[in-house]
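Participant: Start counting the sequence shown at 62; every next residue gets the next number (the numbering used here).
Be careful, since some hints might not be right.
The calculated lysine-lysine pairs, modelled on DSS-like cross-linking and capped at a C-alpha distance of 30 Å, are [stated by the list, open to error]: (1) Lys134 with Lys120; (2) Lys177 with Lys231; (3) Lys134 with Lys100; (4) Lys134 with Lys171; (5) Lys120 with Lys171; (6) Lys177 with Lys100; (7) Lys177 with Lys134.
Because the hints were derived from the structure by calculation, they are not lab data.
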Amino acid sequence: MDRSQIEALLNEVRSGSATVADALERLRDLPFEDLGFAKLDHHRALRTGMPEVIFAGSKTPAQVATIFAHMVKAGGNVLATRASREIFEAVLAAESRAEFHETARAITLKQTEPEKGKGTVGVVCAGTSDLPVAEEAAVTARLMGNMVELVADVGVAGIHRLLAAQHTLKSARVLIVCAGMEGALPTVVGGLVHSPVIAVPTSVGYGASLGGVAALLGMLNTCAPNVSVVNIDNGFGAACIASLINHL
Numbered sequence: 062m063d064r065s066q067i068e069a070l071l072n073e074v075r076s077g078s079a080t081v082a083d084a085l086e087r088l089r090d091l092p093f094e095d096l097g098f099a100k101l102d103h104h105r106a107l108r109t110g111m112p113e114v115i116f117a118g119s120k121t122p123a124q125v126a127t128i129f130a131h132m133v134k135a136g137g138n139v140l141a142t143r144a145s146r147e148i149f150e151a152v153l154a155a156e157s158r159a160e161f162h163e164t165a166r167a168i169t170l171k172q173t174e175p176e177k178g179k180g181t182v183g184v185v186c187a188g189t190s191d192l193p194v195a196e197e198a199a200v201t202a203r204l205m206g207n208m209v210e211l212v213a214d215v216g217v218a219g220i221h222r223l224l225a226a227q228h229t230l231k232s233a234r235v236l237i238v239c240a241g242m243e244g245a246l247p248t249v250v251g252g253l254v255h256s257p258v259i260a261v262p263t264s265v266g267y268g269a270s271l272g273g274v275a276a277l278l279g280m281l282n283t284c285a286p287n288v289s290v291v292n293i294d295n296g297f298g299a300a301c302i303a304s305l306i307n308h309l
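Go ahead and model the full structure; you've got the sequences and the hints to work with.
Facilitator: Below, the structure written as structure tokens:
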């Protein structure tokens with residue numbers, strides 16, 4: 062439940078279209094709902110402007126489906142990340158409106174229209190192998206009310222591909238740049254634009270890439286002052302930060 066939903070409920074009580082008992086029933090699960098194996102933080106959107114999101118990795122299909130259904134009942138938009146098709150089938154059995162974004166490994170349900178961001182969030186990835194992380198960022202950012210433009214397979218090994226997308230890069234209010242291997246792409250993008258760049262190292266590359274550690278260190282050592290870095294493969298976290306910037 063977010064601020065607008067709380068305000069709407071209080072206005073209903075004031076106008077007489079809802080009773081105090083009705084309001085108490087709808088608010089009874091704030092600030093959290095205890096499912097035994099999980100405590101759903103329905104109050105998070107009020108505190109941070111963003112609702113709780115389900116990390117499906119390491120959870121059973123039944124657990125994710127139960128959490129998803131209870132979050133749907135709370136009335137907001139619902140997102141589950143790192144979900145398999147098996148998990149999606151379990152969620153779909155509980156909520157037929159759920160959508161699966163296979164490349165992003167994400168499940169979504171949009172129930173309310175979020176506040177629109179002020180500009181475009183650009184999502185850029187170095188190679189097709191980075192697309193799962195980039196798509197996770199794109200799906201998350203869209204669900205949070207942002208217009209998103211995705212630019213894929215423009216790594217530094219073929220720099221002309223990136224330069225051909227300069228108009229898109231320069232028109233974005235904030236950019237998310239995903240890259241594995243040596244992780245050079247965010248620095249190059251940072252040198253072309255005047256907007257914030259959120260770098261996402263991906264666990265893509267051969268042995269010495271160390272599962273994304275090489276890209277992470279390269280990005281942390283960037284010489285571009287407008288680049289900040291999130292954790293390896295954390296497209297979700299990058300999208301949250303980008304959305305906050307785009308709504309300022």
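Participant: Take the hints in turn and mark each one as holding or not.
Facilitator: Hint check:
1. Lys134 with Lys120: holds (20 Å)
2. Lys177 with Lys231: holds (20 Å)
3. Lys134 with Lys100: holds (15 Å)
4. Lys134 with Lys171: holds (12 Å)
5. Lys120 with Lys171: Satisfied, since the Cα-Cα distance of roughly 22 Å is no more than 30 Å.
6. Lys177 with Lys100: holds (29 Å)
7. Lys177 with Lys134: holds (23 Å)
Checked against the numbered hints above, the structure violates none of them.
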